[in-house]
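Undergrad: Next come the chains, spelled out residue by residue.
Protein chains: 2
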Amino acid sequence: MTANAHIPVDVLIEDEFLRDGLQNEARLFTLEEKVEFAQALARAGLRRIQIGSFVHPGRVPQMADTDALARRLERLEGVTWTALVLNATGLDRALAAGLPHLSISVSASESHSRRNANRGVEEGVRRILPVIERARATGVRVRAGIQCALGCAFEGYIPPDRVIAIARSFAALDVEEINIADTAGLANPVQVESLCRALAEELGPKVALSLHLHDTRGLGIANLVAGLRAGVRIFDAALGGLGGCPFVPDATGNIATEDAVFALEEMGWRTGIDWQALRPLVGRAESLLGRGLPGRIAHVPVPPWARPGDVSEPDPGKGREAAR
Amino acid sequence: MTANAHIPVDVLIEDEFLRDGLQNEARLFTLEEKVEFAQALARAGLRRIQIGSFVHPGRVPQMADTDALARRLERLEGVTWTALVLNATGLDRALAAGLPHLSISVSASESHSRRNANRGVEEGVRRILPVIERARATGVRVRAGIQCALGCAFEGYIPPDRVIAIARSFAALDVEEINIADTAGLANPVQVESLCRALAEELGPKVALSLHLHDTRGLGIANLVAGLRAGVRIFDAALGGLGGCPFVPDATGNIATEDAVFALEEMGWRTGIDWQALRPLVGRAESLLGRGLPGRIAHVPVPPWARPGDVSEPDPGKGREAAR
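Residue numbers (this note's numbering), protein chains in the order written: chain A, 573 to 896; chain B, 573 to 896.
To be clear, the hints were calculated from the coordinates, so they are not data collected in a lab. Ideal placement from N, C-alpha and C gives every residue a C-beta, glycine not left out. Treat the hints with caution; some may be incorrect.
One-sided excerpt, in silico: chain A residues whose CB lies under 8 angstroms from chain B [claimed, not checked]:
#	residue
1	Arg699
2	Leu701
3	Asn760
4	Val762
5	Val779
6	Ala780
7	Leu791
8	Asp831
9	Glu838
10	Gly840
11	Gly855
12	Ser859
13	Leu861
14	Arg863
15	Val872
16	Val874
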């Protein structure tokens, strides 16, 4: 059991440093280094950690040891190890590795889907549904994901109706969560709130909604707040804000886990995560990668009145009630 | 008349690169360089530009030529040159320099006020009221400002009631705008929305509210969105996000003008400002300062579908109505 596993949580953060964060990095992390990060994230209070993806090892060499990593990580009470699956072959590997939870996803963008998966959106959805069904049949917990749901780097605008239709087909398969991904970091808060409200209305309370946000254009945390307003209580983030295409100068990846936690706790939402405990971990990642990471709060001094490790007592005057 | 001065605007951005941005920089900008930035900001569509402050030249050498700069800048239709005044001596200089608009401000934090102005909050307010009255009597447009209104780097929490009381004393003097400053970048969106709503209710529609936001902890743009929700339509920002204490590693200053404009335009709010025209200006500032600036959007590639210079047509599906 990790230190904070007893603390009730209002918002769940899934850390994707080991998957979305690392997947484009040329410097390959060893299995031992990945284990170190996974365990340290859990110790800091992360309750769901995406450790990799079951994609073709030739295409994404950094993810080649996801099977081995899944087998290496011990069960920890209060912590869910999860991974990304994009097709039937990936599911076979994930099931063999014994992970209790999976993200299984498709793209809502025609051009992104064709480039990434060599098929259009319609075929992508048609092929992923039986994969989800099979995973569910084995008892694995599944969240179904929609990539490029808020915009596409190749074609721009993605019609919300298309996203809602895909979500509807996922909900029919008894998934516990549907993940809306702003894969290219193109969303704005108005759009996020509007799409999430439409989805919540369409799907009802039986399916949880989660948001996967990137901070490419500086709107990541504002989009998180917009998601909160629309009732979203699960967000993906990556330690340090690692991610983004390495061929794009200054491109940034996921919202930084420590920044998301800091923002939420400041607003009075409990995450169970100690953002101050993430600071040395950001430093460790920066030293392994040989460069600074874009996350903000790990790089500013802790104000003198901040209470280290205190993740449950909101500041007076920053009442959580107002956020609800 | 600048290129965009005819475009109706929903939100006014005041750029403070030349004041809050530069004031802590050791590298002194020449008068010619300052003129270059002021004019380029106006050409990009900025309608209010804070060019400096009338503080003691020995204390802030970078601001020593504010008088000369004010005299050098020609009138431009649709553009307001403004500066910061903190006391009676500063007002004398500002009036002599002939500026049509001034920000006159005090701190709401006891410790910040004592360190910065050598007096407590109560005395600070008592002394600034006649300065504001005198400025108003000369016909100068005044916005009255409250520093550290959302938190203080030295003492943390600032009671909203204190901020509201100061605002009330300003409103009694017929100022046209009251500026709420998150001087140390400590605010969160819940707090911003709550304080701005309380102030709007207290002050009524005759006084405009504006927000001065810093992005020190990554919440700057989220706080802007929170301010918008509470009805604020004027925001301070600085080109490139310049600012912050030079002795704090990675500390960042104001929200970046280009990021604020981008965020607003993405949500369908018209600013009259072409954020793409600000990109080369950020590059110029970085080359003069010899380092990268924290603003985000100037450093990512323009997506292929973005229309250069188009500041009036919101993207379909990103309707401005939803933001209101």
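Undergrad: Do the numbers back the hint for A/Gly840, that is, is its least Cβ distance to chain B under 8 angstroms?
TA: The hint holds - A/Gly840 has a Cβ within 8 angstroms of chain B, the shortest such distance being about 7 angstroms.
Undergrad: Using 8 angstroms as the Cβ threshold, decide whether A/Val872 counts as touching chain B.
TA: With Cβ-Cβ at 6 angstroms, under 8 angstroms, it holds.
Undergrad: If you take the shortest Cβ to Cβ gap from A/Asn760 to chain B, is it below 8 angstroms?
TA: 4 angstroms, holds
Undergrad: Can we keep the A/Val874 interface hint, with Cβ of chain B closer than 8 angstroms?
TA: Hint on A/Val874: violated, closest Cβ of chain B at ~11 angstroms, above 8 angstroms.
Undergrad: Under 8 angstroms is the threshold here; is the Cβ of A/Val762 close enough to any Cβ of chain B for the hint to stand?
TA: At 4 angstroms from the nearest chain B Cβ, A/Val762 passes the 8 angstroms test, so the hint holds.
Undergrad: At a threshold of 8 angstroms, is the proposed contact between A/Leu791 and chain B supported by beta-carbon distances?
TA: Holds, about 6 angstroms.
Undergrad: Does A/Val779 pass the interface check with chain B, least Cβ-Cβ distance below 8 angstroms?
TA: 23 angstroms, violated
Undergrad: Close enough to count: is the Cβ of A/Leu701 nearer than 8 angstroms to one in chain B?
TA: Not OK, violated: A/Leu701 not within 8 angstroms of chain B, min 26 angstroms.
Undergrad: Given A/Arg863 was flagged as interface, is its beta-carbon under 8 angstroms from a beta-carbon of chain B?
TA: 13 angstroms, violated
Undergrad: Holds or violated: the hint that A/Glu838 contacts chain B, with Cβ atoms closer than 8 angstroms.
TA: Hint holds; A/Glu838 Cβ to chain B Cβ min 4 angstroms, cut 8 angstroms.
Undergrad: Does the closest beta carbon of chain B sit nearer than 8 angstroms to the beta carbon of A/Ser859?
TA: Violated - the Cβ of A/Ser859 stays beyond 8 angstroms from chain B, reaching only about 16 angstroms at its closest.
Undergrad: Mind checking the CB of A/Arg699 against every CB in chain B and telling me if the closest is under 8 angstroms?
TA: Status violated, d = 27 angstroms.
Checked against the numbered hints listed earlier, the structure breaks hints 1, 2, 5, 6, 11, 12, 13, 14, 16; every other hint is satisfied.
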